[in-house]
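With the hints as a guide, dock the two chains, each given alone in a separate frame, to form the complex.
If you read the sequences in order, they're chains S and A. Read in order, the letters of the first sequence correspond to residues 30 to 465 in the working numbering. Read in order, the letters of the second sequence correspond to residues 11 to 985 in the working numbering.
Quick caveat, the hints were computed from the structure, so don't treat them as lab data. All values reported here derive from a predicted model rather than from experimental measurement. Some clues are possibly wrong.
To be verified - Straight-line alpha carbon distances no greater than 27 Å define the calculated DSSO-like cross-link-like pairs of lysine-lysine that follow:
1. A/Lys591 <-> S/Lys403
2. A/Lys441 <-> A/Lys971
3. A/Lys245 <-> S/Lys403
One letter stands for each residue in the lines below.
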Amino acid sequence: MPLKTLIPLLIATPGALFLALSFLWLLGGGVTERVMARITKVTYLFLLLLVIMIGWRMKAEGLHSVRVMLGDWFTVGHYGYPLPLLIDRLSLPLVGMTVVLAGIVGSFSIRYLHRDPGFYRFFLLLHLFTFGALLIFIAESLDLLIVGWETVAITSVLLVGFFQYRPEPVRNALWVFASYRVADLFLLLAIFLAHHWFDTTSWTGMLSGEWPSCQSQLHGTQGTIVAALLVIAAGGKSSQGPFCGWLPRAMEGPTPSSAVFYGAISIHAGAYLLLRIEPLIHQSWGSRSLVIIIGLATAFLGTLVHRTSADAKTSLAYAAQTQIGLIFAEIGFGWTTFALIHLVSHAMLRTLQFLRTPSMLRDYHRVHSAAGGKLSPTGSQYESLLPSSVQLWLYRLALGRGFYDAIVERWIVAPVQAVARWLAIFEPTAPAKKKL
Amino acid sequence: MSTRSHVSPCGCHQSTLETHPAEGCLQHLRRVVGHAARFLPVQGPLGVFVHYNTLRSFQHRSFEEAVLEGAALYKAEPYLSEEAYQSDRARGRILDEDIDAVLSREPNAEILPGRLSRRELRRAMLIPGVRRVNGINISWQLEEGGWLDSFRNDLPPSSATALRGDSPQALWHACLASVQPQPAPPPVMPKRPREFVLALHGIDMDALIHPPLIRLTAAYLDQGIAYWPMPHRDKGLLRAARTIMPQAFAIFPDHLSGVRAEFLRQEAAGMDAEAVVLDALEQLGVPLAQWEDFVTEELLALRGWAGMVHMLEQDAALAPHDRVRCSVMEFLALRLTYTVAALKDIAGGTSAWRSTPVPVPRFDPLTHVARVFDVVQLLGISSRELAALENGEVARLVQEILSSHEIERRRLLHLAYERRHERLVLIPLAKHRNMPCVVPSSNRLVAQVLFCIDEREESMRRALEEVDPAIETVGVAGFFGVAINYAGIDDAGGVSLCPVVIDPQHTVREVPVEEHAHLHRRRQDLRRVWGGVARNGFISSRTLVRGWFSTACLGFLSLFPLALRVLTPLAFGRFTKFLNKAFLPEPRTEFAFMQDDAASRDATSGLMRSFTTEEQAECVYQVLGPAGLDKGHARLVVILGHGSTSLNNPYESAYCCQACGGRTGAPNARLFALVANRPAVREALRARGVVIPEDTWFIAGCHDTCNEDIQFFDLDLLPETHCGDLVRVHQALDKARTLNAHERARRFEAAGHSISPESSLRHVQERAEHIGEPRPEYGHCTNAVAFVGRREVTKGLFMDRRAFLASYDATKDPSNEALAQVVRAALPVCYSINLDYYFSAVDNDVYGSGTKLPHNINGLLGVMNGYQGDLRTGLPAQAVEIHEPVRILFVVETTPARLMQVIRADDELNEIVCNQWIRLATMDPDDGHVEVYREGVFEKLAGNEEPLPVASSSQAWYEGKREHLALARIEPRAA
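Pulled out of the complex, with its shape left as it was, chain A reads as follows (with noise of 0.2 Å):
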């Protein structure tokens, strides 16, 4: 017998099964294509934004690895350009120091012995750097670009004197006798059939095959834009495509004419998708052991479609409005029939494609020999030293050499980078952490003030305490603790309000009060009428009779709307605002959330729609607890959740509130209060030592982070007594957004440097009436810290909008308990902002989006470029173009023994933080010192060069700066 024996059992492939034996080649597939799946994009459709760690599927590895697997396997970059962080290295954001530092943790080696190490190579590699040199330019650059009549002129002087009375001329020469020249790639054997198809005739294949796979993805996909849904969606992608496409007397494109016949028989065949992609296989003539790598690349060519079709398979209830049957199987099936059928038409065959080398990319020899010429110079090598090397030697030296390619470099400038940003937050931090607090502690706070931790609200909570030292504010995850499936008098359909990774357990409806129902008819009813009449409008816009009469007779009407958002947009705002005002009723609403009434007592299935006392205790005491709020609260507690509201910016729900699910956190902040306010749960609070004064009241309200609104909900339940406090909070917290609105502003080009707070706060809320703004607002572009700990610590601390503040108190928290929710609530999170940004900020063209300018809304669930492209997944140019990409830096008030204890018990921080997703490190909560995580353990925080600098405001800080800045002490007495 040969060792041909495992032939396979369902008889539909020749090859063996090496990897499998005893699977069967349909269980095969379906795993093949499942792990195939993980890669693509986990975007869901764009009207609900929610950020994940770009290359979740390489979690399991560490953060150095997995930028480079991604790199290679989506074709991107894994870091900034080396020029990008010369430049920074240039203007002092990177420093010598930090490369030292750097290189002292990696591995080193002599290479040349007593005369050079690995670790020198490096330095001199990367300060001042090598020049960006390859073989196809190094004759140029001999010849032209100088590089023969002298030196480099930025050599380290003890080079230079070494090199002193060589020549040019004579090192090249050197360098050519002694290296050797590169050899030939060796041949590269096609993955896909495109490579051997663009190689061989010139055509590129998905240019033929993505224009009617975008457009049966996408009228299949559509949410509602088509005006005719696609007839037979119920059938599945696969076989709708299968009865449409071959209509008889249907045109194919060139190319494409073997689809029609594909198409009829394999519905003659009744083939499934599986059956269909096993075929392609087998007439592609991929072997078992190499369908994973082929299958994962042929889905990567279309990534955007297929990631949405797998999310789509995966939960169809994130479509916003028609459910549809997804499956990437049958996507991939459809892909494979498109791909056969041109590659028989193109190649005459299907199976030769594999074994032809596609040809080796242009190469230089020369390519070796000149970067060797460009390092030995900055080594201070001359060329009666080179030509004395041994071979051995030299062999070694050109080795170190190569090895320290530019990927390398990148990564190790990008340590420097990340190093820097570390030492300017933490030493200033824990300077600050020692010195006394900058408000004296009075009697009684006259508020205190929950802001989501959003790192958008730090300047807030700045601006906020600095108007009035009595009001204290305090972070807590945008959701309150509250997680809940929420529907508002407006809404059509309840949606989540919680991080994605919790499944809300209740539901929560607004209702309006009973002596208002009338009121809430006639809004319904006037709503209804709008409704109809806007969809009318759309639709008749658009079609060819209803459209004759509207465009003809009503298109004049559209000037002025168009006139006046283009140009008052603030005024129009104002003008829609007033007449929804005056025309559309505004009913009082309460909460239906613990009514006792039978259908949701008797209710056996779906979410719960009461909330019990101790329920409700409990969400209370998860968000006082961990905060150390138990006892001494001020008069007014206010519980600001946020949301941003900006026109034509199919973002707009990635400036939401991610705590929320990409929602505005409103509600949640509603209930809450309306929870905490219970006499009954005070009670039940009070058991578990959380002890809430009898005149402390809490109130809701939620603040716009795009045009800076701060309302408040359920002011008629406010007792009178405390009509004094809020109306002093109102006022700060007006000052206050205006004071923000001058923060953000500084980064607005277009806001002007002399602006003043009240017109930056009209800038800003122009932005977010502005129906050609692309950056309604900078949302998380800003983001690199997250500290979790006691408010003091950061109290007074200006930091410039970067960091993610959660309230937790380490000293009333000796079971670690409340450290557990604060860290699993934050951390999650903040790692996943942070890494979207990095992702969407290093690579934008393949892990962002790409400028909004060209963008187009396709089916409501994406945007893609232009009138046929792929979905573009992750953000927007527009979004990260001032943002640092840099790893967040976790910054966590307790010991390093009680933190670990924490994330060890949980698998997936464990593995963020062991694989060094994010940077973590721990402030005493004692005494203040930082420990820092590094590869395992924890390392004390050592050195003192960052200052701290003092202002008196903030204001006076940034004034007429436009860059990130550094921490800053703001002490009012300082002036």
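Next comes chain S alone, as it looks inside the complex (with noise of 0.2 Å):
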């Protein structure tokens, strides 16, 4: 099969996938959860499948890289919405570590969830996450990655409110649905910006050459702030930045949809976006350093929180959040190959980590009597140089998670709620609140 034909088949697959078992599921039917197992194992052996032919492939013909076009999907006037595909030597990595982790946490699923009432609705997430994981990567514009990146936003957000019965799964589902939906909103007016300024979004037309010699072609200021309103949404998504606080409440799903999302695959997508537009970054040192005091600072914060988190999945949130704040940081530098290293050796530690929560006092206490009973302590690291008056504010700092919830809910939730109720006023028939 050529590669124009693999490449595509590759998203469809688990697009079609998602689309026929959620219409079967409509209708009122199901499969059964062996039919499921097994349905899942095949795909991910296929995907996996064509993804080794793509590679095998590009190294036979000697490419770095494939552009397929499937056309337009639509056209107004003078502007089409193209339907471009990319595999170079970025994505290709990328899409085998997707593949490789959804598949092998698909697996443990199937174990996982067996029983469980959610099972049929887990799969279809996972599948239908696939798909946009997939296509994140592969797509060789904004327009066509922003349909990916929203496709993840939703399932994210649906896999931490899995437990729809009780109340904090749900609340902290609208939490990280807000975080996304406010960090969306950079990206659409990087699009909208690209598209005014420049008339492209694709890779080819913001970008000449091929990853990772690659040069900016969008210059200026307007380069400038487009590129940094990418790095605010690409923050959005790897829990970094002004959007640090969500990820210790995404904790509340299953394991396993912890472990694909936010240890290895969702949480790198922000990682991803800055590695393929790092020349746009690279041009001027406002956006350079703006990516690097966005990775730096939460990486200082993130390991200042994970240091004080008595809890196995908290305290993994934060570490994944200090690594990626490193690889934002790298990618700022301009060290691009080994923040790709980076990140696919952080995703696929952090899903075997994930996956074996569960396990810690198991770990723990085989450690500890290996080591006799006598664990070396902890802690007295890098915060022992400093006084200790400063030692406590800064485990205040940390116990408080960096203050970033008390923050938010004082100075962000709380006045557009009363912004909201203010405009109350011009609802005739709200309903009288009960005043003190």
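The following block contains the structure:
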């Protein structure tokens, strides 16, 4: 099969599977757990096979990148919504990682979610997620990327609120949803401005050459603004910078979804976007320092909070956030190849660690007895170099999770709610609020 | 003088000391907090899971009262739902005669003279049962649901006849005319500030104050997950929080800014926890008489954490790694500080909340009418008849209908449900007892195998006896009479291996034999290296600087364990075992339990290092005596302890031996065998009437109930003459474990129906190695019965892994001494397991810990849902999903008089039995008739309706079935 067929097939498979299964579900039908297990395993094996074939063909043909144009979705006047796909040396490792990790987590979930009432729902969302993640990595333009971006976001939110009969998961899913929406505004704005100023959002239009040695085509302040907006949008996906508070809340879902989203793939999508537009970032010191500052600040806060978290999943979430902060900084410094290696390697490690969180008791006990009952005390590394009052202050900062929730609730959510309440005066039949 | 002369002596409180005028406020507070803490969950750190009666604090009340009180206090369900029982009735699990029998024990009364009695009314309300109706959905049911178009279609024939010619509309109007509408419920005063704030301001105060409370408590109690331990932990929770929280520039969440000033004020005034609580109670305006209710409610709002603090306060040694000073008072002080600050901020004052009634929940006056309308149809009372009733009669009828409310009906249905279970067990058991033994007794047994009484070993014992009829099995409590503090060669410290109610007096260490000391050293060195690497890997993959290197460079390596563990768990498990074997030397070991060195002789403190010969003989006697094993032992006696290993399972310990305090019983078995083989011990035993033949050898082993591994210890000590016997036993056990795995696999949906015994063994082994398996085994999920008596009675009886089996021979126990021993060891363990499962099954959200899927281990102490919540106690949904919640049916082969003599002698047993936390029955050792304990008296079991089916093998009986099965007689010759 030619590469021009393989690449669309790669995306279409999980998408079609999701459509077929959800259509069946809407009709009131469904498949048994056993059949779903088989479908899932076969699908991921098939996807893996496709990825291997693509990689092998590219190597055999000496191609560093393959572009596939699927035509326009629609055209209005001189604007067309094209559907271009791209596989190159940046997207291939990420596509491979997605297929392998989602496949492993899918296989894990067959056992883990056995007999759970949400079994079918979970796998529907997993297939939809795979589709979205592959689309992010293969899309050749921001216009197409945002489709995958939103798909991943909505599956992520629905899986955080997987246990929909309890209030906390739903509340936290809403929080994650709101964070994503705000971050997505920046992405949308970037797309509009790119169209407005440069008439393009495709990688070929914005960058010239092949990754990793491509050059930016968007120059001047306008290019910097687009880059900065994309950096903030990427921060939203990767829980960085101004959006660094939602990650622990996403731990409400079942363990495998925490692993595949927040250990492995979804959380790294922001870093992927930055890797892709790295030349854009690189052309001005403003956007470069923005990435570096966001990355390092989040890494510092993340490691601080991680150090004081007493539960397995929150601790891992902040550890992941720390490393992604470093990956952001690496991209800011221009070490793109290293950042890519760091990203893939980190994703694999975190997936394993997330899947193993329930065995924390056993693992700790084994290490403890192997060490003869004496584990070297922790917490006396860099902290102890500081004066004790500063230590205490840092501990307080970490215990308050960087005061992130408090700040957002008091100075963002509360004013918005106040405005909303004030706007209610225009609503003639607004239910009378209970007054003090 | 007014009546307010009893002003509180400490002056800290305005209200009078109504309850204990002689007592100071402080003493009163301590008493109140101590009392309130008793209602907190009694689950300690999860590394060791011990089953308790979930409502232990209500044990002095009868079961039926206690479940209601518990339900009111914890907002829980007392029984299964009415729908669940009704569907059990539909499938024949509850019979009409059970309901009749239960009703005949309830007090009866005339309601409509000559026409209707209470018993008839209740029977109609249970068979076919009432429709779920209330005032809110009644109008929908009337207009859309067709309730006015026709009467119920499941009416008893007599009622249907009586209602012929009447119309639903007429009946509805008659009901409306004669039944008083439901009065509005009286306004309720808030018990906690939260209810007031929620009703008036729409703010959930718990959602405000729990996150910081949870974070503080979790950080304080943490046993090693957090890399940076909380500073100032030595000062206690309250002072640590007061030091950390009010730091400069710290931003508090909305409504909690007042906490900072409050903490500073407390610190400046040097207030301790008690002073803080007293101060908060005063500010909140809680009168002395209501302290207890208030404190209880406040503590229960975050009961998992409060319970953990309470458990660690009572026994600091429960903490698995770091001992921290815990105090419920401090926890309460912290909680009340936050509460007062939040209340001040939201409501502006702290005392108004008590005087503002909370709006009553929505109700509809038609509720009563709707219920009566439904029931009079069942009774066949027509509209004319209803209208003709006198006012007093109508009132009585309505009163009776309303007092047979849902909870009451569920109670009756539950009793019927238990009654059928009782008859399903006792009648076939008595029949089997009176039939000849399926296996004729041979000359001398090849082996005797001592198992734990655990109900999971029932199938194993049956399989073993089916495989080799010349092997006899015996059931004794799994710590085999040796209560020890034990440390294996790989363990860091000693742990108690005995039921939690016993404090071990002796310590036993596993040490390498002298010639293998160098292997031991190498093993420990290698393990230390591995431990260091693992520890470093754990930490360095998460921190900033080290994490940078390790995640970037070494992260790829984790793909291999990840993929292999998930995709081929069994092979990967074997691979790691192979690696361990190849690189980790295994020294031969022995037990240091009778070393005669100076250190153990001169030790004046701590646990005793050595057992004297008399003590050793006593241990052995305590096991062999009650089981009736006083002579004629087989050539080989196998002592089989049990444990359970599984991966990625925080509840692993719940599947281990409860008689060993939630740990494996292998060391106890090993010690027992070592002791019983000593000639000096046998000599001492002979003096007490237990004669062990010269050629009898005891050998210890361990059975893993999860992966079905069987391991033997001290094989090198086995005399050559016994090798043949061991080979035979080993082969039999090997076949038996395969059959056992097959019988277990019938419950696992993932295993499929057509699985062969060999693949089912692989299946259960894979379950133990799979990191994504939430049900490595079903644990005690099927427990329902305990039988104390001779094995002959239950031999060849299929009991579906539902019965604890303790061996006891009443014919050899004229003094009742052995009975006391067995009952005292077995009953508390069985009853605790059973009730833990009962409550976790009837309300998994409140008494249990909910589904395992979002569980998140916190502080190495317990699990919570998601990222910030209460610690969950009890059993997870996956562990109880096939459980039938019935109180355990304890059947003892003795006479009622002898049994009650033993039970009356022990306060706790007496309480358990008299308050009916278990169901009790006796089986006469001579003629086998069964008597059942009911409300203080034993009644002979009558009736014969349950058959005793006969099958040629266990497999033939359970093949293709997944549900609970009835008892069956397994008779190989029947085929």
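**Request:** Could you tell me which of the numbered hints above are not met by this structure, giving the numbers in increasing order?
**Result:** none
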